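Trainee: Residues per chain, in single letters:
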Amino acid sequence: MAILRWTPGPYGFRTPWRELDRFRNQMSGLLDSLSGYTEGVRRPGVGVFPLLNMEEDAENLYLTAELPGLSGQDLELSVEGDSLTLRGERKIPEAGEKVNYHRREREAGVFRRVVALPVKVDAEKVEAEMKNGILRVTLPKAPEAKPKQIAVRS
Amino acid sequence: MTKEMQVVDKVAAETAGEQTREAPVFTPRVDIYETDEGLTVLADMPGVDKEGLTIDLKDYTLTLRGAVKAPVEGRNSMYREYEVGDFFRQFSLSEVIDQAKITASLKDGVLTVVLPKVEPVKPRTIEVKVN
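Going down the list, the protein sequences come from chains A and B.
When you read off a place in the first sequence, starting at 1, and then add 1062, the result is the number in the working numbering.
When you read off a place in the second sequence, starting at 1, and then add 385, the result is the number in the working numbering.
These are computed hints drawn from the structure, not numbers from a lab.
These figures come from a predicted structure and were not determined experimentally.
Mixed in with the good hints there might be a few duds.
16 Å max Cα-Cα, derived EDC-like pairs, lysine to aspartate or glutamate [said to hold, decoys possible]:
#1 B:K502 to B:D444
#2 A:K1193 to B:E436
#3 A:K1160 to B:E422
#4 A:K1203 to A:E1186
#5 A:K1203 to A:E1142
#6 A:K1208 to A:E1117
#7 A:K1153 to A:E1142
#8 B:K395 to B:D444
#9 A:K1210 to A:E1121
#10 A:K1203 to A:D1136
#11 B:K502 to B:E419
#12 B:K492 to B:D434
#13 B:K492 to A:E1191
#14 B:K492 to B:E458
#15 B:K395 to A:E1167
#16 B:K395 to A:E1169
#17 A:K1187 to A:E1121
#18 B:K443 to B:D483
#19 A:K1193 to B:D434
#20 A:K1153 to B:E458
#21 A:K1203 to A:D1119
#22 A:K1160 to B:E419
#23 A:K1160 to B:D421
#24 A:K1193 to B:D493
#25 A:K1182 to A:E1117
#26 A:K1182 to A:D1119
#27 B:K388 to A:E1169
#28 A:K1153 to B:E436
#29 A:K1182 to A:E1142
#30 B:K454 to B:D483
#31 A:K1153 to A:D1136
#32 A:K1203 to A:E1189
#33 B:K388 to A:E1117
#34 A:K1153 to A:E1167
#35 A:K1153 to B:D493
#36 B:K454 to B:E468
#37 B:K492 to A:D1136
#38 B:K395 to B:D483
#39 B:K486 to B:E436
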């Protein structure tokens, strides 16, 4: 339970507005935890495969995912409007007859994930590469989404 | 119908031996199976290439170590659903492995190590000389 600081508001110590503020903050925290994110970091055990990291700089968005065992042909990547769709299948070859598994931890299967892009990108210029089981997608920001330097006249 | 892949969180390695740089270390997921000829270990180590890979077998302990490249500088993280780090795992082998015949290959971030068992010693009849 959050500790409330008892500073007087404009209308005295406790007002209906303070209660609404506190309620609003708690609700937004609740929504965070429902989505599996707390302060921008994903909680363990939650999510859709594959997990993604997204970064940006002034020019581009960068998306990375760990997809061991996959190469470019096993993936379908498309960008439409402000969403990116990633689909594919991981296959694990059969070990053959007369094998005795000591451990079996890896999984195979299909996946499909749609990601909302937080910034407008130039879909024509998106590039993607699969290397050593890591997918790296570079999405150039649309010109209107790039930061602009503004000269200050004096 | 093919199964849908589920998210499985990366597990931090408990002990990783000596490290020369600060980086998180994870336990790669593996499949290990045995045939009459030997053991095969398949480990998912995305981001590891040949230069970053170390495999050694000493005193019945197989050690797999994979280094991934440091992330590119100058970028802001918008969200991070998984951590990036090196991989480390050790196994105790009960079978006698022919070390000279171990082979390993790395493709698309998956390491395959084949460890052939030592050829069984042929029974040898020992002649007893009686004086």
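Trainee: So, for every hint listed, does it hold in this structure?
Mentor: Evaluation of the provided hints:
no.: 1; hint: B:K502 to B:D444; verdict: 15 Å, holds
no.: 2; hint: A:K1193 to B:E436; verdict: 14 Å, holds
no.: 3; hint: A:K1160 to B:E422; verdict: 11 Å, holds
no.: 4; hint: A:K1203 to A:E1186; verdict: 11 Å, holds
no.: 5; hint: A:K1203 to A:E1142; verdict: 14 Å, holds
no.: 6; hint: A:K1208 to A:E1117; verdict: 14 Å, holds
no.: 7; hint: A:K1153 to A:E1142; verdict: 27 Å, violated
no.: 8; hint: B:K395 to B:D444; verdict: 28 Å, violated
no.: 9; hint: A:K1210 to A:E1121; verdict: 11 Å, holds
no.: 10; hint: A:K1203 to A:D1136; verdict: 26 Å, violated
no.: 11; hint: B:K502 to B:E419; verdict: 10 Å, holds
no.: 12; hint: B:K492 to B:D434; verdict: 8 Å, holds
no.: 13; hint: B:K492 to A:E1191; verdict: 15 Å, holds
no.: 14; hint: B:K492 to B:E458; verdict: 26 Å, violated
no.: 15; hint: B:K395 to A:E1167; verdict: 12 Å, holds
no.: 16; hint: B:K395 to A:E1169; verdict: 13 Å, holds
no.: 17; hint: A:K1187 to A:E1121; verdict: 12 Å, holds
no.: 18; hint: B:K443 to B:D483; verdict: 12 Å, holds
no.: 19; hint: A:K1193 to B:D434; verdict: 9 Å, holds
no.: 20; hint: A:K1153 to B:E458; verdict: 33 Å, violated
no.: 21; hint: A:K1203 to A:D1119; verdict: 9 Å, holds
no.: 22; hint: A:K1160 to B:E419; verdict: 9 Å, holds
no.: 23; hint: A:K1160 to B:D421; verdict: 8 Å, holds
no.: 24; hint: A:K1193 to B:D493; verdict: 6 Å, holds
no.: 25; hint: A:K1182 to A:E1117; verdict: 14 Å, holds
no.: 26; hint: A:K1182 to A:D1119; verdict: 13 Å, holds
no.: 27; hint: B:K388 to A:E1169; verdict: 9 Å, holds
no.: 28; hint: A:K1153 to B:E436; verdict: 26 Å, violated
no.: 29; hint: A:K1182 to A:E1142; verdict: 10 Å, holds
no.: 30; hint: B:K454 to B:D483; verdict: 32 Å, violated
no.: 31; hint: A:K1153 to A:D1136; verdict: 9 Å, holds
no.: 32; hint: A:K1203 to A:E1189; verdict: 12 Å, holds
no.: 33; hint: B:K388 to A:E1117; verdict: 30 Å, violated
no.: 34; hint: A:K1153 to A:E1167; verdict: 14 Å, holds
no.: 35; hint: A:K1153 to B:D493; verdict: 12 Å, holds
no.: 36; hint: B:K454 to B:E468; verdict: 13 Å, holds
no.: 37; hint: B:K492 to A:D1136; verdict: 14 Å, holds
no.: 38; hint: B:K395 to B:D483; verdict: 32 Å, violated
no.: 39; hint: B:K486 to B:E436; verdict: 21 Å, violated
Of the numbered hints stated above, those contradicted by the structure are hints 7, 8, 10, 14, 20, 28, 30, 33, 38, 39, listed in ascending order.
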